[in-house]
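S.K.: Here numbering that gives the first Met the number 0 is used: the sequence shown runs in plain steps of one and ends on residue 113.
Keep in mind the hints are simulated off the structure, nothing from the lab. Be aware that a few hints might be false.
Calculated pairs, DSS-like style, for lysine-lysine (alpha carbon to alpha carbon, straight line, at most 30 Å) [as the list claims (entries may be wrong)]:
| hint | residue 1 | residue 2 |
| --- | --- | --- |
| 1 | LYS67 | LYS94 |
| 2 | LYS43 | LYS67 |
| 3 | LYS67 | LYS89 |
| 4 | LYS63 | LYS89 |
| 5 | LYS92 | LYS67 |
Keep in mind the model is a prediction, meaning the values are calculated, not measured.
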Amino acid sequence: MKAMPASPPINDMDLIEKVLQIAENTGYVLVGPSERVYHLVASKTIEVSPRYQEEAVHQLLAAKWLSKGGVHVYAHHGYEGPGNSVLVPKATKMKARQWRNLAPIPCSRKRKVS
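Given the sequences, and given the hints that come with them, work out the whole structure.
M.R.: Dropping the structure here:
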């Protein structure tokens with residue numbers, strides 16, 4: 000049986016910044032053996048995250064930009080069960096703040112004025 004090829008790395012910095020911001024402000028939760036990614040919407044209440052955010056969270060976990068936290072009980076549409084919180088290390092928070100404070104690169108091409 001062939002192993003599934005690893006997905007290509009995500010290079011969308013807007014997505015990475017958004018995922019880090021969500022992880023820092025509201026939080027993500029890993030549920031089940033496949034570690035499906037859920038978004039924390041209220042205290043101990045979770046909703047399924049879009050697949051593109053899930054892939055970014057797993058990439059950041061593999062790169063040690065995020066880490067797996069402790070097990071807590073969460074609720075999802077009337078069901079309760081265990082899940083691991085996703086933590087944002089201090090070094091990641093500092094790097095994300097640096098990115099947010101960077102000035103955009105000015106465009107090198109001059110626009111045509113009509």
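S.K.: Take the hints in turn and mark each one as holding or not.
M.R.: Quick rundown of the hints versus the structure:
no., hint, verdict
1, LYS67 / LYS94, "holds (19 Å)"
2, LYS43 / LYS67, "holds (16 Å)"
3, LYS67 / LYS89, "holds (14 Å)"
4, LYS63 / LYS89, "holds (12 Å)"
5, LYS92 / LYS67, "holds (15 Å)"
Against the hints set out earlier in the document, no violation occurs for any number.
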